[in-house]
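Sequences listed follow chains A and B, in order.
The number in the numbering used here is simply the position in the first sequence, starting from 1, with 134 added.
The number in the numbering used here is simply the position in the second sequence, starting from 1, with 7 added.
Just so you know, the hints here were simulated from the structure itself, not pulled from any lab data.
Incorrect hints may appear among the rest.
Said to hold, decoys possible - Label-pair distances were calculated between CB atoms; the ranges are:
(1) A/G329 <-> B/P208: 40 to 46 Å
(2) B/H169 <-> A/A283: 45 to 51 Å
(3) B/L76 <-> A/R217: 51 to 57 Å
Stated by the list, open to error - Residues of chain B placed beyond 10 Å of chain A at every Cβ, according to the derived structure:
(4) C42
(5) D147
(6) P241
Please read these numbers as outputs of a predicted model, since none were measured by experiment.
All residues carry an ideal CB built from backbone N, CA and C; glycine is no exception.
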Amino acid sequence: MPDLTPVPSEPTSEGTGALNLAELLRSSSRGDQSAFARLYDATSARVHGLVLRVVRDPAQAEEVTQEAFLEIWRTAARFDSARGSALSWLMTIGHRKAVDRVRAAEASSRRETKYHDQTQPVAHDETAEAVTATLEAQRVRHAMESLTAAQREAIGLAYYGGYTHTEVARMLDLPVGTAKTRIRDGLIRLRDTMGVGE
Amino acid sequence: MNAMSNDIHLLTGAYAVDALDDLERARFEAHLDVCHDCRVEVAGLREAASTLTDATAVAPPAELRDRVLADIAKVRPLPPLVTSHVASGAPGRASRRRWFPVLAVAAALALIAGLVAVQPWRDEPERALTATERVLEAPDAESVSLTVAGADTTVVRSKAEHRAVLVAQGMPAAPADKVYELWLQDETGHLEPAGLMPQGPDHTILLEGDASASTGVGITVEPVGGSDRPTSSPIAVFDFSEATT
Chain A
135 MPDLTPVPSE PTSEGTGALN LAELLRSSSR GDQSAFARLY DATSARVHGL VLRVVRDPAQ
195 AEEVTQEAFL EIWRTAARFD SARGSALSWL MTIGHRKAVD RVRAAEASSR RETKYHDQTQ
255 PVAHDETAEA VTATLEAQRV RHAMESLTAA QREAIGLAYY GGYTHTEVAR MLDLPVGTAK
315 TRIRDGLIRL RDTMGVGE
Chain B
8 MNAMSNDIHL LTGAYAVDAL DDLERARFEA HLDVCHDCRV EVAGLREAAS TLTDATAVAP
68 PAELRDRVLA DIAKVRPLPP LVTSHVASGA PGRASRRRWF PVLAVAAALA LIAGLVAVQP
128 WRDEPERALT ATERVLEAPD AESVSLTVAG ADTTVVRSKA EHRAVLVAQG MPAAPADKVY
188 ELWLQDETGH LEPAGLMPQG PDHTILLEGD ASASTGVGIT VEPVGGSDRP TSSPIAVFDF
248 SEATT
């Protein structure tokens, strides 16, 4: 992975970093462009890295990151720190934009080429692979290791691949309905191991 | 939808990582509005997923910062959500006919904005469900799915709610000067206009009119503005006798 920009947000603690992001969002919602620039500096690597991971094409990923930050600016007033961390809110917007982009591209290519055969390579354990350096990443890796291989695979295809749980089930040759349970069980374990969320 | 209702709580994880298709997402978001436990769980699972991004961070090119900051200078931040005013698409009956095309398009756009906008958090449970959400979430909802012109489309109808909703994903553009028009079919085979599909590929549309006794929903290609009766053969007919719950 290219260099990691330090992120002043610790989603797992109530440190000043987390407060800062929320505060920057609040200032942004009141039209404070310099606060938004600081927010961008603090989080753009994280948002862009996820978008790039899902979209893959660098030029398109830049467009999507740009769209995501515009959306963040427009909707900053809807962030409520009582309901979750600022970082999670930002990543949710970035991820959703990225997934919308790959699905729209897929729908248009499917229209052009009749039906597309289900031959996407079934991903190897992408999630575990991605998790490498940094101290925080070590915690994440540790948490990922607590998941079953099947849970990691399903979460990887959904989160990084942008596939629906129905597609994930088909790709992994699972009964319909099984993938959504794996994704949920895996995320619950990740949440509990990382001590985030509730 | 019985199977759906039983399982719907299990969709929190898939929803948290955007692994639902448009129809499931619309249904699950309707459910989220009324299920506190699922909202809490979704929030926690999103926190969990966002921890994964620590390992994938990649700084975007420096020019992107300039583009983003130039963008935002031109855009006004939205106000906080106070209450939701998503159009219900149910104008008064007397004036409905005359205003119908405008209202239908406006209502559909409002619904699309409501359903498609990225909403990391749902509104408070106190807000009333929209007519579309009530149909999608109705215990008696039944649906028929078809591939229309390469697009994935589903009609969901609730007799109890008297309404039907069309969810389309990846609709190709209508031909020049044409528009897709929706119809409700009665048991005599008569087709009653039920609204026009706005431009663009992805829609969740509340059909105009009472669908409780309809036998099906049709889509035809009509001149811009729509027609009072179909001027071409349907490109799709959703037959409610084939609906699944």
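Problem set entry | Hints violated by the structure (numbers, ascending) | Violated: hint 3 alone.
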